[in-house]
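Undergrad: For reference, the chains in residue letters:
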Amino acid sequence: MTRIIKYVFYDILRTRFIIFYTAFLLICTFAFFQLDGDFGKVVLSLMNVVLMAVPLVSVVFTTIHFFNSYEFIELMLAQPVNRKVVFLSEYLAVASSLCLAFVAGVGFPFILYGAWQPISTLMMTGIFLTLVFVSLAFFASVLTRDKAKAIGIALLFWFYFSLIYDGLLLWVIYSFSDYPLEKLTLTLIAFNPIDLARIIMLLQLDISALMGYTGAFYKNFFGSNLGILFSGSLLTLWVLWPILFAIRIFNKKDL
Amino acid sequence: MRIRLILITGILISFFAGNAATLVIGGNQKIKRIKDAISLAQPGDTLLIHPGVYREGNIILEKTLVIKGLDYPVLDGENQFEIFTIHANHVVIEGLKFINTGIANINDLAAIKLLESKYVRILRNQFENTFFGIYLANSAHVWIEENELKSEAEAEYQIGNGIHLWKCNNITINNNIIKGHRDGIYFEFVTNSLITNNHSEGNMRYGLHFMFSNNDEYRNNTFKDNGAGVAVMYTKAVVMVNNNFIHNWGASAYGLLLKDIRDSQVTGNTFAENSVGIFMEGSSRNNIQQNKFYQNGYALKLQASCDDNEITQNNFQQNTFDLVTNGSLVLNKIEANYWDRYEGYDLDKDKTGDVPYRPISMYGTIVERMPEAILLWRSFLVLLLDKAEKAIPVLTPENLMDPAPVMRPYDFN
Numbered sequence: 000m001t002r003i004i005k006y007v008f009y010d011i012l013r014t015r016f017i018i019f020y021t022a023f024l025l026i027c028t029f030a031f032f033q034l035d036g037d038f039g040k041v042v043l044s045l046m047n048v049v050l051m052a053v054p055l056v057s058v059v060f061t062t063i064h065f066f067n068s069y070e071f072i073e074l075m076l077a078q079p080v081n082r083k084v085v086f087l088s089e090y091l092a093v094a095s096s097l098c099l100a101f102v103a104g105v106g107f108p109f110i111l112y113g114a115w116q117p118i119s120t121l122m123m124t125g126i127f128l129t130l131v132f133v134s135l136a137f138f139a140s141v142l143t144r145d146k147a148k149a150i151g152i153a154l155l156f157w158f159y160f161s162l163i164y165d166g167l168l169l170w171v172i173y174s175f176s177d178y179p180l181e182k183l184t185l186t187l188i189a190f191n192p193i194d195l196a197r198i199i200m201l202l203q204l205d206i207s208a209l210m211g212y213t214g215a216f217y218k219n220f221f222g223s224n225l226g227i228l229f230s231g232s233l234l235t236l237w238v239l240w241p242i243l244f245a246i247r248i249f250n251k252k253d254l
Numbered sequence: 000m001r002i003r004l005i006l007i008t009g010i011l012i013s014f015f016a017g018n019a020a021t022l023v024i025g026g027n028q029k030i031k032r033i034k035d036a037i038s039l040a041q042p043g044d045t046l047l048i049h050p051g052v053y054r055e056g057n058i059i060l061e062k063t064l065v066i067k068g069l070d071y072p073v074l075d076g077e078n079q080f081e082i083f084t085i086h087a088n089h090v091v092i093e094g095l096k097f098i099n100t101g102i103a104n105i106n107d108l109a110a111i112k113l114l115e116s117k118y119v120r121i122l123r124n125q126f127e128n129t130f131f132g133i134y135l136a137n138s139a140h141v142w143i144e145e146n147e148l149k150s151e152a153e154a155e156y157q158i159g160n161g162i163h164l165w166k167c168n169n170i171t172i173n174n175n176i177i178k179g180h181r182d183g184i185y186f187e188f189v190t191n192s193l194i195t196n197n198h199s200e201g202n203m204r205y206g207l208h209f210m211f212s213n214n215d216e217y218r219n220n221t222f223k224d225n226g227a228g229v230a231v232m233y234t235k236a237v238v239m240v241n242n243n244f245i246h247n248w249g250a251s252a253y254g255l256l257l258k259d260i261r262d263s264q265v266t267g268n269t270f271a272e273n274s275v276g277i278f279m280e281g282s283s284r285n286n287i288q289q290n291k292f293y294q295n296g297y298a299l300k301l302q303a304s305c306d307d308n309e310i311t312q313n314n315f316q317q318n319t320f321d322l323v324t325n326g327s328l329v330l331n332k333i334e335a336n337y338w339d340r341y342e343g344y345d346l347d348k349d350k351t352g353d354v355p356y357r358p359i360s361m362y363g364t365i366v367e368r369m370p371e372a373i374l375l376w377r378s379f380l381v382l383l384l385d386k387a388e389k390a391i392p393v394l395t396p397e398n399l400m401d402p403a404p405v406m407r408p409y410d411f412n
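Line order of the protein sequences matches chains A and B.
Going by numbering that gives the first Met the number 0, the first sequence opens with residue 0, and the numbers climb by one from there.
Going by numbering that gives the first Met the number 0, the second sequence opens with residue 0, and the numbers climb by one from there.
Simulated from the structure, these hints should not be mistaken for laboratory data.
All of these numbers come straight from a predicted model, not from anything done at the bench.
Any given hint could turn out to be false.
Stated by the list, open to error - Restricting the straight-line Cα-Cα distance to at most 27 Å, the calculated cross-link-like pairs of lysine-lysine (BS3-like) are: (1) K67(B) / K223(B); (2) K62(B) / K34(B); (3) K31(B) / K67(B); (4) K218(A) / K223(B); (5) K34(B) / K40(A); (6) K350(B) / K40(A); (7) K149(B) / K34(B); (8) K96(B) / K117(B); (9) K40(A) / K149(B); (10) K149(B) / K223(B); (11) K178(B) / K96(B); (12) K96(B) / K62(B); (13) K40(A) / K67(B); (14) K348(B) / K386(B); (15) K389(B) / K332(B).
Stated by the list, open to error - Here are a few chain B residues that sit away from chain A, every Cβ distance over 10 Å (derived from the structure): (16) A236; (17) N241; (18) A250; (19) Q317; (20) L382; (21) A390; (22) M406.
What the hints assert, rightly or not - To be clear about the criterion: a stretch of chain A counts as covered by chain B if any three or more of its residues have a C-beta under 8 Å from a C-beta of chain B, and this derived list gives those stretches: (23) 162 to 170; (24) 174 to 181.
Yeah, the Cβ is synthetic: ideal placement off N, Cα and C, and Gly gets one too.
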């Protein structure tokens, strides 16, 4: 397994995409630091990057990479190796390289500027989102044999979670605003990893946004140990279910 | 003639000075009780209280006396009594420590209660667990300086106000520290008074509560972590300068609540980390100038019932929402402020933006109507909605804008 991971890793490095991605994050972070000396604001700007760009890049890169290494996978499967092992190695290599790129790209400037404190949550949510969307992209990739179609599905995932879902949520809040919605919205949030990540970060940064009775309710929940455990395990669930489904499909799939 | 006058004055002064005696009170002195000393003393005498604990119930003072403590003698109210009740002019109370007054909701028991007195000075005293700390009714020309008031109550009904003034004028409240009371400083029907350099923190209700009190001025005070911030209501001609309103946090907490205020000035203040920086309702002709608003939930809630206010030259930085209102009527002047969200340009380099800034964000309006919607704050969707609204205002009042926002923040320091 480690051997396959190593090969996939080399392959990813050779495409140089990951290096561009790291460079992009580096430049972004440095630019934010240049524009504004205030760490809080830098983290806030980076939050948008983490919530938008990281899932997008993860999704697109993963699907393209999967179909580009289709022949390699076929070759591997011709050997006496377990299908699951091959698939998991692919997953781990892609996910870890994207995570590394993220940590290096965003973390390095912060260390350089000596700001440790504010980024731990940013890092954590960034890594989680990468993992979640790599999982989703693998899931999309095994659903179909057509590369374009797979990218389409993967992009749809991204689009759905970052835009459509929120629209629906807003619509629900709007239509049922006469009822107490705190618990309902809390439940609905759990069905969207991007929203979860955003709220975890908001609680760290933009506390002032969460005001009034409703705000206090959310803050009490997400700020408590139970809330952190809740959101953490939900995100883990979001990493696990797509990849587990993908493995099941991949195991039975006629390549 | 003149020499004689000076001579006479000199004689008179020495006569009075010689006459004013000092009575020493203490556990191992001739006079052991403050009450005895008060009944012995002549007007103008000084009572010097030595360290110790004095449990004398309610002490009533109706003579002009100077009462001084040496190393903070403790006056204990034994959780039953009001400590000093004063009805005399020219009294000085200095360097005492008051603890444990009684708690009563009919009598308003206080550590020092001043009734219809003038020219009184209350200096450098300490108050611990007093129901009301300093209570003034119908008094004038009083100085309250460098006192420290601390209380630890759990609920609002168990505690009175730190410095409570009712129907007074010409009062100076300077350099006091007030913590854990109901209202830090309470003003009702108080005119021509000055509140300076005080620190009011962690009070249950308001740091400063201010009603029907015209022509007052408060400067350089800090109001921090109070249950509901500072309220200034039903008043005209108040000057509020260089105060700090910090971290007044909660569902109905305001840095500064202005309700029915007219012709007043809010200048050079700092509003930081409040749920709402300033909440304005039914107020007119006020000047809000050169203030700093940063990291507030809402920097400014300007209800449509306000008119003719001028909001100019303020810095708005890192607030979640800069401005919200509840209607579409705009009768106030908002100009030349710095908004950190401003995205305009300055082609002619006159340091003022060439396009107006609309400080009301659409999402602020939505959240105002449906508080649950805060959950989507800072999501991509909200970003898009706000941008769309900026381009074509539908929900937000179109003419509420800053026509000439400045490009760089003002440097107020």
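Undergrad: Determine for every hint whether it applies to the structure shown.
TA: Outcome of the hint check:
no. : hint              : result
1   : K67(B) / K223(B)  : 31 Å, violated
2   : K62(B) / K34(B)   : 12 Å, holds
3   : K31(B) / K67(B)   : 15 Å, holds
4   : K218(A) / K223(B) : 21 Å, holds
5   : K34(B) / K40(A)   : 62 Å, violated
6   : K350(B) / K40(A)  : 23 Å, holds
7   : K149(B) / K34(B)  : 26 Å, holds
8   : K96(B) / K117(B)  : 22 Å, holds
9   : K40(A) / K149(B)  : 37 Å, violated
10  : K149(B) / K223(B) : 14 Å, holds
11  : K178(B) / K96(B)  : 15 Å, holds
12  : K96(B) / K62(B)   : 21 Å, holds
13  : K40(A) / K67(B)   : 53 Å, violated
14  : K348(B) / K386(B) : 26 Å, holds
15  : K389(B) / K332(B) : 20 Å, holds
16  : A236              : 32 Å, holds
17  : N241              : 23 Å, holds
18  : A250              : 5 Å, violated
19  : Q317              : 7 Å, violated
20  : L382              : 8 Å, violated
21  : A390              : 18 Å, holds
22  : M406              : 14 Å, holds
23  : 162 to 170        : holds (count 5)
24  : 174 to 181        : holds (count 3)
Hint compliance for this structure: hints 1, 5, 9, 13, 18, 19, 20 are not met, and every other hint is.
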